[in-house]
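Visitor: So you can see what is in the structure, the chains are spelled out below.
There are 2 protein chains.
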Amino acid sequence: MESSGILDAETKVHETPGAHKDELRLWLRLLTCTTLIEGEVRRRLRERFDVTLPRFDLMAQLDRAEEGMTLGELSRRMMVTNGNVTGLAERLVAEGLVARRQSASDRRSHMVRLTDKGRRQFRKMAEEHESWIADLFSGLSQKDVESLLTLLGKAKASTRKSMVAAE
Amino acid sequence: MESSGILDAETKVHETPGAHKDELRLWLRLLTCTTLIEGEVRRRLRERFDVTLPRFDLMAQLDRAEEGMTLGELSRRMMVTNGNVTGLAERLVAEGLVARRQSASDRRSHMVRLTDKGRRQFRKMAEEHESWIADLFSGLSQKDVESLLTLLGKAKASTRKSMVAAE
Numbered sequence: 001m002e003s004s005g006i007l008d009a010e011t012k013v014h015e016t017p018g019a020h021k022d023e024l025r026l027w028l029r030l031l032t033c034t035t036l037i038e039g040e041v042r043r044r045l046r047e048r049f050d051v052t053l054p055r056f057d058l059m060a061q062l063d064r065a066e067e068g069m070t071l072g073e074l075s076r077r078m079m080v081t082n083g084n085v086t087g088l089a090e091r092l093v094a095e096g097l098v099a100r101r102q103s104a105s106d107r108r109s110h111m112v113r114l115t116d117k118g119r120r121q122f123r124k125m126a127e128e129h130e131s132w133i134a135d136l137f138s139g140l141s142q143k144d145v146e147s148l149l150t151l152l153g154k155a156k157a158s159t160r161k162s163m164v165a166a167e
Numbered sequence: 001m002e003s004s005g006i007l008d009a010e011t012k013v014h015e016t017p018g019a020h021k022d023e024l025r026l027w028l029r030l031l032t033c034t035t036l037i038e039g040e041v042r043r044r045l046r047e048r049f050d051v052t053l054p055r056f057d058l059m060a061q062l063d064r065a066e067e068g069m070t071l072g073e074l075s076r077r078m079m080v081t082n083g084n085v086t087g088l089a090e091r092l093v094a095e096g097l098v099a100r101r102q103s104a105s106d107r108r109s110h111m112v113r114l115t116d117k118g119r120r121q122f123r124k125m126a127e128e129h130e131s132w133i134a135d136l137f138s139g140l141s142q143k144d145v146e147s148l149l150t151l152l153g154k155a156k157a158s159t160r161k162s163m164v165a166a167e
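Going down the list, the protein sequences come from chains A and B. Residue numbering for the first sequence follows the working numbering, beginning at 1 and increasing consecutively. Residue numbering for the second sequence follows the working numbering, beginning at 1 and increasing consecutively.
Hints are computed from structural coordinates only; laboratory data are not their basis. Quick caveat, the model's predicted, so the values are computed rather than measured. Wrong hints could be hidden among the right ones.
Since copy identity is lost for identical chains, a pair holds within one copy or between any two.
[What the hints assert, rightly or not] List time: in silico DSS-like cross-link candidates among lysine-lysine, alpha-carbon distance up to 25 angstroms:
| id | residue 1 | residue 2 |
| --- | --- | --- |
| 1 | K161 | K143 |
| 2 | K117 | K154 |
| 3 | K21 | K124 |
| 4 | K143 | K117 |
| 5 | K21 | K161 |
| 6 | K21 | K156 |
| 7 | K124 | K154 |
| 8 | K154 | K143 |
| 9 | K124 | K143 |
| 10 | K156 | K143 |
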């Protein structure tokens, strides 16, 4: 989601009759917050490290997996646009930041993992990224943060339940 | 953000030392919620109306503007990926759902608005869309919804303030 000049669309929810205006406003506000933050993170990653968000996201996923993972799993775990995971991974391999896992079995040979150099580079970015997020949320108290974590956890569970029911 | 098989990445935030783990978890949870809901809305729009999310989003922006707006303004207001707003608008014009505004001045001649047909078609989709959102959030109480609106409003204000400070 590119955000550049996003406006307060959620304050403009059309006032047609309907029982679910608050839920709709909530969804638009959720979308606005995410778009704002994602846009800002994207901008800072580019300015500070000349790195795209999908590249950062891919490295973040690999950083969590000591043993590496397959490209398919990597693609499923990506938080932002999937883009071309294979192409992204290829470039990281070419730069010596990601390695294909050496292994006897066929399945494992498709696994990729961060190299030491890749992990060092990612951790450096991750540290700054974490401080940016703390900065963006600095207007929230610790209690606000905890309440949001709880309530968004509830929202996530509700969404998942409704998705399963609709299948 | 395509969501298909998104996993609980926010529960796997790497446990390196750092003071801002809760804020990072909050950001990842926000991103997960948005990605899940956006993916589900995208899927339902396609299945139910054979309509893409950017197309729905574009019509939603025009629905809020009685007088229509310029393509530039439309592009800024889009909540989801900007994509090719001009191309999208062209197709909607070709289908008789959007009209270029008739006017004497140059500036106004670039304005677009929904036709009556376009508005009818959008309102029909919007009604169902609103019920989907209510359904996805049905696990939340009215009080939860109100708390989330308040807290996300605070998060949005905090983000905006931090963005301005960083400029």
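Visitor: Taking the earlier hints as the rules, which of them does this structure contradict?
Guide: The structure conflicts with hints 2, 4, 7 and 9, although it agrees with all the remaining ones.
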